[in-house]
Amino acid sequence: MYLLRIRNSTSSLLKQILVLFISMLFAISTYAQTGHVMSGVGAIDQSMSGAGTVALPLDGLSGLYANPATLTHFEGITLDVSLQIMRPSGTLYSSIQENAFGPSFPSATISGSTESTAGPFPIPAIALTYVPEKSNWAFGFSAYGVGGFGVDYEMTPTNPITTPQAPSGFGFGAIPSEFQLLQVAPSIAYRVNNKLSIGFSPLLNRSSLEVNPFPAATPDDGNGDGFYSYPDGPKTSALGIGYSIGLNLKNINNFHFGISYKSTQHFADLNFNSSDETGNPREFSFNLDYPSILTGGLSYTGINRLLMAFDVKYIDFSRTDGFNRNGYDETGAVQGFGWESIFVYTAGLQYELTRKLPIRFGYSYNPCPINHDDSFFNVSAPAIIEHHISTGASYPLSSKIQLSGAFQYGVKNSTQGQWIGPQGSMAGTEVKNELSTSIFIFGLSFDL
Numbered sequence: 094m095y096l097l098r099i100r101n102s103t104s105s106l107l108k109q110i111l112v113l114f115i116s117m118l119f120a121i122s123t124y125a126q127t128g129h130v131m132s133g134v135g136a137i138d139q140s141m142s143g144a145g146t147v148a149l150p151l152d153g154l155s156g157l158y159a160n161p162a163t164l165t166h167f168e169g170i171t172l173d174v175s176l177q178i179m180r181p182s183g184t185l186y187s188s189i190q191e192n193a194f195g196p197s198f199p200s201a202t203i204s205g206s207t208e209s210t211a212g213p214f215p216i217p218a219i220a221l222t223y224v225p226e227k228s229n230w231a232f233g234f235s236a237y238g239v240g241g242f243g244v245d246y247e248m249t250p251t252n253p254i255t256t257p258q259a260p261s262g263f264g265f266g267a268i269p270s271e272f273q274l275l276q277v278a279p280s281i282a283y284r285v286n287n288k289l290s291i292g293f294s295p296l297l298n299r300s301s302l303e304v305n306p307f308p309a310a311t312p313d314d315g316n317g318d319g320f321y322s323y324p325d326g327p328k329t330s331a332l333g334i335g336y337s338i339g340l341n342l343k344n345i346n347n348f349h350f351g352i353s354y355k356s357t358q359h360f361a362d363l364n365f366n367s368s369d370e371t372g373n374p375r376e377f378s379f380n381l382d383y384p385s386i387l388t389g390g391l392s393y394t395g396i397n398r399l400l401m402a403f404d405v406k407y408i409d410f411s412r413t414d415g416f417n418r419n420g421y422d423e424t425g426a427v428q429g430f431g432w433e434s435i436f437v438y439t440a441g442l443q444y445e446l447t448r449k450l451p452i453r454f455g456y457s458y459n460p461c462p463i464n465h466d467d468s469f470f471n472v473s474a475p476a477i478i479e480h481h482i483s484t485g486a487s488y489p490l491s492s493k494i495q496l497s498g499a500f501q502y503g504v505k506n507s508t509q510g511q512w513i514g515p516q517g518s519m520a521g522t523e524v525k526n527e528l529s530t531s532i533f534i535f536g537l538s539f540d541l
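Heads up: the sequence shown is residues 94 to 541, going by our numbering.
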């Protein structure tokens with residue numbers, strides 16, 4: 094009877110955890126990283142800055158996120174849940190020199206800065222793996238936030254870019270933005286032999302976007318005052334699909350190799366119901382896809398108690414709708430964010446202080462996808478962090494449950510450039526985006 098009560102209690106706890114995390118996933122979706130692509134998912138993955146999971150994952154969350162072929166690393170049934178708490182710290186600076194827009198416009202130099210009040214944001218994730226006994230097949234299911242951005246700059250009279258739109262000011266007014274992306278990934282893998290596995294995941298996505306004002310819409314002069322302004326872009330959502338394929342080679346002289354490809358996630362248009370300057374309804378749309386990601390990596394386990402890992406990712410922003418274009422079209426609407434494709438380099442290690450206490454460290458570097466010349470187009474989406482450092486550890490609560498924790502810091506970075514209008518760069522102006530992030534991650538792993 095005592096054992097029965099324990100099993101019933103554990104079963105009840107798991108049900109409560111599942112209900113909680115699934116509810117959070119669909120209610121919160123992902124107030125994701127202020128940078129657009131998450132570096133990893135879960136406490137174990139993030140503690141190594143995402144390194145190694147494409148070749149030798151340490152839990153189901155990291156394996157399913159990075160490479161579906163790694164499903165064959167697991168045995169029986171495992172469940173992993175994780176919660177990330179992200180706190181971005183952003184600052185927006187701008188200045189306009191005296192007479193920059195014409196005689197006495199402005200009559201004196203104006204400059205100032207505004208702190209973003211966005212966050213902290215919770216980002217849940219869940220993964221389930223199932224490997225039948227004596228089977229070459231493995232199955233998995235995962236759901237997690239994979240990327241996003243967001244700021245919340247208040248309207249201020251001293252920072253030119255956050256003054257009201259013309260004729261009352263020079264800028265955009267308050268600038269709140271939020272992009273969220275949730276990905277659901279049923280996965281399957283096949284063990285070709287004791288070294289080689291292959292895997293596949295269809296990827297189902299839901300995104301939502303809010304940007305106020307929305308510069309990718311045609312500005313209007315509904316009130317006839319001769320000054321055109323951009324409408325708000327209230328929150329709207331779209332569905333998207335894609336796929337992930339992967340290959341995994343295990344334990345070749347203590348080396349483990351992996352490669353995976355996530356296709357572009359193609360989304361339906363985001364359709365906005367907004368209003369013009371006089372409050373009359375107007376509609377517009379914008380397409381924002383998620384970039385393809387090619388990842389290759391290796392891990393080494395030939396030193397007692399030590400695991401070392403190195404990964405390289407290629408994120409193809411420059412061929413992704415919504416990110417690939419910049420500048421204005423003939424109507425005065427901004428065409429996109431203008432991001433460049435980037436390589437991401439990650440390195441991580443795990444060292445077992447004791448059999449029950451592995452500690453982890455990680456580092457990642459990527460060049461900023463935003464050119465300085467495009468800083469003006471990205472005040473609502475400052476994905477500018479280049480360096481991440483992380484650490485974490487795990488500890489077993491029982492023979493079936495493991496607790497993990499991690500901390501990751503996105504080192505402060507900035508980009509700056511001139512204001513840009515339909516006629517080009519504006520002399521005597523400047524805009525500067527500055528950002529750092531802090532993430533605390535907690536996770537539980539269950540061997541069912």
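Honestly, I wouldn't trust all of these hints.
Beta-carbon label-pair distances, calculated as ranges [stated by the list, open to error]: (1) Glu433 / Tyr488: 38 to 44 Å; (2) Arg180 / Ile452: 20 to 26 Å; (3) Gly315 / Phe500: 46 to 52 Å; (4) Leu342 / Ser507: 54 to 60 Å; (5) Lys493 / Ile281: 41 to 47 Å; (6) Glu191 / Phe535: 47 to 53 Å; (7) Ser197 / Glu376: 34 to 40 Å; (8) Glu191 / Asn506: 40 to 46 Å; (9) Pro257 / Ala201: 27 to 33 Å; (10) Ile396 / Asp466: 28 to 34 Å; (11) Val504 / Ala267: 54 to 60 Å; (12) Arg418 / Leu332: 36 to 42 Å; (13) Arg180 / Tyr321: 35 to 41 Å; (14) Ile396 / Leu541: 20 to 26 Å.
Just so you know, these hints were derived from the structure itself, not from any lab.
Glycine included, every Cβ here is placed at the ideal spot set by N, Cα and C.
Hints versus structure:
Look at Glu433 against Tyr488: about 41 Å separates their beta carbons, and that is inside 38 to 44 Å. Range check, Arg180 to Ile452: Cβ separation about 23 Å, and the 20 to 26 Å hint holds. Range check, Gly315 to Phe500: about 49 Å between beta-carbon atoms, so the 46 to 52 Å window is met. For Leu342 paired with Ser507, a C-beta distance near 41 Å fails the hint of 54 to 60 Å.
In this structure, Lys493 and Ile281 break the distance hint of 41 to 47 Å, their C-beta atoms being roughly 25 Å apart. At about 52 Å, the beta-carbon gap between Glu191 and Phe535 stays in the expected band of 47 to 53 Å. Checked against the hint of 34 to 40 Å, the C-beta distance between Ser197 and Glu376 comes to roughly 39 Å, which is consistent with it. Separation of Glu191 from Asn506 is about 30 Å and departs from the stated range, judged on CB atoms against 40 to 46 Å.
Hint check: Pro257 to Ala201, Cβ distance near 18 Å, so the stated range 27 to 33 Å is violated. Checked against the hint of 28 to 34 Å, the pair Ile396 and Asp466 fails, with Cβ atoms roughly 46 Å apart. Remark: the range hint 54 to 60 Å for Val504 to Ala267 is contradicted by a beta-carbon distance near 28 Å. With their beta carbons about 23 Å apart, Arg418 and Leu332 fall outside the hinted range of 36 to 42 Å.
Between Arg180 and Tyr321, the C-beta spacing of about 37 Å keeps the proposed range 35 to 41 Å intact. For Ile396 and Leu541, the Cβ-Cβ distance of about 32 Å falls outside the hinted range of 20 to 26 Å, so the restraint is violated.
In the structure shown, a violation is registered for the earlier hints numbered 4, 5, 8, 9, 10, 11, 12, 14, in ascending order.
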